[in-house]
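Chains as they are written, first to last, in our numbering: chain A, -8 to 274; chain B, -8 to 274.
Check each hint, because a few of them may be wrong.
Since the list can't tell identical chains apart, any single copy or any two copies may satisfy a pair.
Stated by the list, open to error - Capping the alpha-carbon separation at 30 Å, the derived lysine-lysine pairs in DSS-like fashion look like this: (1) 136 - 251; (2) 196 - 266; (3) 127 - -3; (4) 251 - 171; (5) 171 - 196; (6) -3 - 266; (7) 251 - 127; (8) 266 - 136; (9) 136 - 196; (10) 266 - 127.
These are computed hints drawn from the structure, not numbers from a lab.
Letter by letter, the chains look like this.
2 protein chains.
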Amino acid sequence: MTHSGKSPRIGVFDSGFGGLTVLSALLRHIPHACYTFLGDTARLPYGSKSRRTIAHYASEAAQYLVNEQGAEYLVIACNTASALALDAIQEAVPVPVLGVVEPGAMAARAASQTGDVLVIATAATVQSHAYATACKTQGLRALEKACPLLVPLVEEGWTDHPVTAQVIDVYLNELRREAKQEGLRYDALVLGCTHYPLLRPLLEKAVTPGVRVIDSAEATAETAARLFGQAPAVRLTAPSASGVETGLVVRCFATDSVEKFERLGSRFLGRPVGKVELVDLGG
Amino acid sequence: MTHSGKSPRIGVFDSGFGGLTVLSALLRHIPHACYTFLGDTARLPYGSKSRRTIAHYASEAAQYLVNEQGAEYLVIACNTASALALDAIQEAVPVPVLGVVEPGAMAARAASQTGDVLVIATAATVQSHAYATACKTQGLRALEKACPLLVPLVEEGWTDHPVTAQVIDVYLNELRREAKQEGLRYDALVLGCTHYPLLRPLLEKAVTPGVRVIDSAEATAETAARLFGQAPAVRLTAPSASGVETGLVVRCFATDSVEKFERLGSRFLGRPVGKVELVDLGG
């Protein structure tokens, strides 16, 4: 049996449903794959948890996607898990694993003229300094800032609310002061959290003119198309007559709170998420 | 062996460290007890989780406090767990268990002249309608509203920030409109979340004049002093010469994120929390 005519199975994992912004980008870049999305909503948010706990939870989720759902590729659509647990996940499963941090740093490298960039993310992602490390590998200096209020504001649906604009101003002004103190001449702002693409319009208005906003979700999907596209399973997914191969196949699973996932998920995916199935990872 | 001269051991449980506001009130009302506080920080927030998951987690935590820490009384200093899992916790342990919802409703009954009250809380607490049910038992009509942004604002330390005042105004204005539609003549606002006492100054300014703000944490501590005070262990805790009996004994445990607990906990407890010990509940 060859891979010929078979759609690649891509597992997409997040602690919640924010990673649906990454799935949305993947659907644009690799439209003929079969996707299984798993949100570990019973144990979110990962952002306030330790590296050990995050590695444990994320590895369990990755094994579920590979062993139970047959994923041939994994995208860790969660900045915190990518920052703190990518090595642990790679060790836990025998398939290629792509996180969101490295693609974000590579996109920042492509966008920045000055070599100085800003990164906004959750507290745990910032504390891990994963973006600073990935940016340094790309020859960039990165200043990172935790913005803990932005995720709850997005989940409250206040993506175009004056309060959210003020909160963004508070955070960006603090970041500007820190950048000035450290002598950074930044020209890019990396969105280091999968919720933040929904705030892109407000963030574009709030940044200093000339500063480019870099979306890790988009950068990750581009990288996935390039990396996974070299493997037979993806190379051979040209549209065919079979419904399974050409149809849009997305299944969503959550470890809890299916109702909230279904209610809010479509905002992140940019289309209806459909029925979300409950799965027990034993947490 | 009798209980004579022995300090009662009170276990206090929360999904995070917000319940430290309840512990703070307990320390004022039952100052000579020995307290063990457990924050299930690895699995917070409970507010977005299902009843089944919350009951499972909270029962595990209650059993830890009773079986491992020798708690003779339990205070569930978490509105979500009190609302969704008090029965399950009662079944899981052989000691008296007190939640925060019923004392809050009783305090509202004592404060309200009109018999109509407002309740603000997390999404899960509101969805459970635990306050409406408890208020109804007290002969009160209650209108409940979820205020998901208030917990993150408190945890960001913005307890006196203009943005927080605006968010409170948005929520209270929506609540006023709903109350008007339903013809409620409310004169009390119940704080149905243990984080909210830290916002009391802003809330007192924001409520309609004549509306009393009711703190469930304070009401719970008063009820605990009355209920547990009838049991021998508490009756016999008058100050003595022994350090163990008269000294302030508080031990804090968390299932994760000890650093955040230690950094933010003192704001909630109103005094330093000291060293927080890590415990694994197997989640």
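Outcome of the hint check:
For a Cα distance limit of 30 Å, the shortest separation of residue 136 from residue 251 qualifies both inside one copy, at 28 Å, and across copies, at 17 Å. Proximity of residue 196 to residue 266 under the C-alpha cut-off of 30 Å is found in neither arrangement, the shortest distances being 35 Å within a copy and 44 Å between copies. Taking CA atoms no more than 30 Å apart as the test, residue 127 paired with residue -3 passes in neither setting, with 39 Å inside one copy and 59 Å between copies. When the C-alpha separation of residue 251 and residue 171 is checked against a cutoff of 30 Å, the pair qualifies only between copies, where the shortest distance is 28 Å, while the shortest distance within a copy is 41 Å.
For the identical chains of this complex, residue 171 and residue 196 are intra-copy neighbours only, at 20 Å inside a copy versus 37 Å across copies, given an alpha-carbon limit of 30 Å. Taking CA atoms no more than 30 Å apart as the test, residue -3 paired with residue 266 passes inside one copy only; the shortest distance there is 24 Å, against 56 Å between copies. In this assembly of identical chains, the alpha carbons of residue 251 and residue 127 lie at most 30 Å apart only when taken from different copies (28 Å versus 38 Å within one copy). In the homo-oligomer, the alpha carbons of residue 266 and residue 136 lie at most 30 Å apart only across protomers (27 Å), although the nearest pairing inside one protomer, at 36 Å, exceeds that limit.
Taking identical chains as interchangeable, the C-alpha atoms of residue 136 and residue 196 lie at most 30 Å apart only when both belong to the same chain, with a minimum of 19 Å there against 32 Å between chains. When the C-alpha separation of residue 266 and residue 127 is checked against a cutoff of 30 Å, the pair qualifies neither within a copy, at 42 Å, nor between copies, at 36 Å.
The structure fails hints 2, 3, 10 (numbered hints given earlier, in ascending order).
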